[in-house]
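Guided by the hints, dock chain Y onto chain C, whose structure is given.
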Amino acid sequence: MVRGWLFVSAAAVMAATTVFAQGPGRRMGAGPGDFALLHAEFGMSNKVVTGAPYSAQAVTQFTQTLPNGDHIQRTTTASVARDSSGRTRMDRSLSTVGALSAAAGARSRAIVIHDPVAGMSYALDPSSKTARSMPIPAARTSSGSPTANARSARFRASAKTEDLGTQVIQGLTVQGTRVTRVIPAGREGNEKDIDIVTETWYSPDLQVVVMSKTSDPRFGDSVYQLNSVSRAEPDPSLFTVPSDYSVTEGHPMGRGRRGGAAVPAQ
Amino acid sequence: MNENRELLEGLQALAALGPREAPLRVEERLKVEFRKRTRRRNLMTWLPTSSIAAAAAAVALFLWTHREKPKPAPAVVAAVSMSGVPAAEEDTIASFYPLPEAEALPALENAMVVRVQLPVSSLQLMGVPVGEERAGTSVQADLLLGQDGLARAVRLVQ
Chain C
1 MVRGWLFVSA AAVMAATTVF AQGPGRRMGA GPGDFALLHA EFGMSNKVVT GAPYSAQAVT
61 QFTQTLPNGD HIQRTTTASV ARDSSGRTRM DRSLSTVGAL SAAAGARSRA IVIHDPVAGM
121 SYALDPSSKT ARSMPIPAAR TSSGSPTANA RSARFRASAK TEDLGTQVIQ GLTVQGTRVT
181 RVIPAGREGN EKDIDIVTET WYSPDLQVVV MSKTSDPRFG DSVYQLNSVS RAEPDPSLFT
241 VPSDYSVTEG HPMGRGRRGG AAVPAQ
Chain Y
1 MNENRELLEG LQALAALGPR EAPLRVEERL KVEFRKRTRR RNLMTWLPTS SIAAAAAAVA
61 LFLWTHREKP KPAPAVVAAV SMSGVPAAEE DTIASFYPLP EAEALPALEN AMVVRVQLPV
121 SSLQLMGVPV GEERAGTSVQ ADLLLGQDGL ARAVRLVQ
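Protein chains in written order, with our numbering: chain C, 1 to 266; chain Y, 1 to 158.
So that you can see chain C by itself, here it is in the shape it has in the complex (with noise of 0.2 Å):
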């Protein structure tokens, strides 16, 4: 009777030992470059802007300099275009992400419209003649997270900001400002404090950033510029998805399960 207890208790020790030391570790296969774009997932706004419109070519180079002197230099460019009612479409070209390179031979064009007309965010794949449609969740007001808040608070804490006044850029009358961050020698384990400055020139008459400059010693250099840029309104076909795609049904702002049901474009 004893050992007979003895031996359940023993054996349901181990049991459980056995199990909880088995650890989860799926490898996969690690692919050439950086990342490989697998498609676009949605399009957001941080506001709708009315009666506005414009389109542009936005050109974003980005340096990096290396400890021997050399320069990195990548580029991205994105047709950009917003009308009348606030609907917005952005194409872009992913060969690169920041200091990231797309892998060669993966495709690299991502195209997401977002029509808060019609409530929804369309992410387009030209290569497949697919569409992904998300529903925009309704807006709320919200003072954002504490965490957020904390950081914010944090970052503006830290940060020196400058007016740095009006200039012309591409015909648009554009305002300046200065954003200098400094982090102090020894916090990041820098032996000296580092700078990081950010420049922005904003058009209060369309709403957008025209330019801006970002200058990281940690990280690299950016520079973002609208080029081209054309208030007439754009193609209304701009902001709709073409007829001869399929859309699916995505979740909302999920994890993006890629299922639903296919159902033709209007």
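Okay, the calculated beta carbon distance ranges per label pair:
no.: 1; chain 1: C; residue 1: Thr161; chain 2: Y; residue 2: Gly131; range: 35 to 41 Å
no.: 2; chain 1: Y; residue 1: Glu133; chain 2: C; residue 2: Ala185; range: 31 to 37 Å
no.: 3; chain 1: C; residue 1: Thr173; chain 2: Y; residue 2: Glu132; range: 50 to 56 Å
Which bits of chain C does chain Y cover? Going by a derived footprint, with three or more residues having C-beta under 8 Å, they are:
no.: 4; stretch: 76–86
no.: 5; stretch: 98–107
Please keep in mind that the hints were generated in silico from the structure rather than gathered at the bench.
Built from N, CA and C at the ideal position, the CB exists for glycine as well.
Relative to chain C, chain Y alone:
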């Protein structure tokens, strides 16, 4: 009736003799036997209880080690400069891990989220803390890209 009277008289006579004790030899044997039985009864009571407790501890240990792992700290939207973003979309962004290099980038105006497959070493290159044991593997992740095409945040899909 007579039997009752005789029994009563006999009991009274016994009581009148005063208290009587068992012989010392009998008392000692009784004590030894009593202790034996008590020990055996205690053992039979505690063995099942302790065994059940051991099994329960094993199960508890299993559940503890297989509990839901704490998720990475919520995204730091502020560092991504998302002020003004509708809260529902902000919630979505809140599931992202902010990239250190995004702290200094301009505020988001228009953003897109793209799903990519990338080696874990690329995540490390982006400043995302990933355990060395996962080096050499690749994962699917969503990148939050700003209007400038620069990544502000990342979230792991797998």
